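These protein sequence lines map, in sequence, to chains A and B. What the first sequence shows, in this note's numbering, is residues 1 to 190, in sequence order. What the second sequence shows, in this note's numbering, is residues 1 to 124, in sequence order.
Incorrect hints may have been included.
[Unchecked claim] Under 10 Å between C-beta atoms, here's a sample of chain B residues computed to sit facing chain A: (1) Gly-25; (2) Trp-46; (3) Thr-73; (4) Ile-77; (5) Gly-80; (6) Phe-82; (7) Val-95; (8) Gly-114.
[Said to hold, decoys possible] Derived list of chain A stretches under chain B, where covered just means 3 residues or more per stretch with a C-beta under 8 Å from a C-beta of chain B: (9) 94 to 101; (10) 155 to 163.
Treat the hints as calculated values from the structure; they're not laboratory data. It should be emphasised that the depicted structure is a prediction, and the values quoted were computed from it without experimental measurement. Cβ coordinates follow ideal geometry from the N, Cα and C atoms, glycine included.
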Amino acid sequence: MLKIRFSCGFYTLLLMATLLLPLISSAASKWKSLEKDGIHDPDSPAMGVLQEPAAALSKLPQNTSGNMVDWVKALEDGAIHPRTNLWPETKVRIRNDDVFLEKTGEMPVVRFPHRAHTMWLDCKNCHEKYFISKKGANPITMMKILQGYYCGRCHGAVAFPLTECDRCHSVPRSKLEKIKAESRKAENRK
Amino acid sequence: MHKYGRLIMAGIILFLVFPLRAEYGDVVLNKRAEKEGMPPVIFPHWFHRIRFRCKVCHFELGFEMRAGSNNVTMQEIIDGKFCGMCHNDEIAWGVENCDLCHSGRPGLKSKIHGGHSTGGPGIW
């Protein structure tokens, strides 16, 4: 009897620790120090020379996943000024339209913003390698994305992760026509 | 319950609470480095994307967007390919700073780290 009570207490404690510790540790620091990130060698002479992620990332617009940074906002607000090209002759291409991907079942429709992407990427990073540049020509499914195809080439690796359903599935069907019209207007203004 | 069952459970739970988590988007390159007596290379995306857009490396410089697919030797880097396109004492510090790139723990595999849910594309 005593033994059972003890083990119950033990598991309650562990359970509480499981629930509380991530909160405590994430409040202390959202970013692991290089020494404790599991890939850097704590004995490397580079420790103390390399920049800590927290030192740079905590100053940028925050988010709740990936690098914990809203990289789209960081760029738009001018918090960072990453170079677009190394050579003056390289053409920097931007496209402003949104593509609405509507085969989402019960989920809200996916709004794919060309602008947010071409601010970072060139057309050739996606066309015609990962996506045919014709509306509806790509048999995208969530399963394929989770396996690392289509949007999953970048999202889940370097761009914000796939746990952020709402950031892609952002358009409720009830507002679809209204948002499409707004998007066309915004495209012409840019 | 088994004598060590509780310890193992505690271990598993603590592992879930304190996973070793590299910064999101870090890439380890270790095809040959460790075999040739150098620690694995760590490429931090977060650090570089503050300074360069993806298109600089993945379009202008032509890096493949797949961990492990740019098969480049140290000699080629010294000659100005891949990391050496910038780490040449002009755009960034030069290749003599071995430790800054070769900073990984022994035994790491070449892959993208820090992936949130999928651990990165499962297509390789």
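Evaluation of the provided hints:
1. Gly-25: Cβ of Gly-25/B sits 4 Å from chain A, so the hint holds.
2. Trp-46: Hint holds; Trp-46/B Cβ to chain A Cβ min 5 Å, cut 10 Å.
3. Thr-73: Violated. Min distance 21 Å.
4. Ile-77: Since the shortest Cβ distance to chain A is 17 Å, the answer is violated.
5. Gly-80: violated (13 Å)
6. Phe-82: Violated. Min distance 14 Å.
7. Val-95: With a minimum Cβ separation of about 14 Å from chain A (threshold 10 Å), the hint on Val-95/B is violated.
8. Gly-114: holds (8 Å)
9. 94 to 101: violated (count 0)
10. 155 to 163: n = 6 at 8 Å, threshold three: holds.
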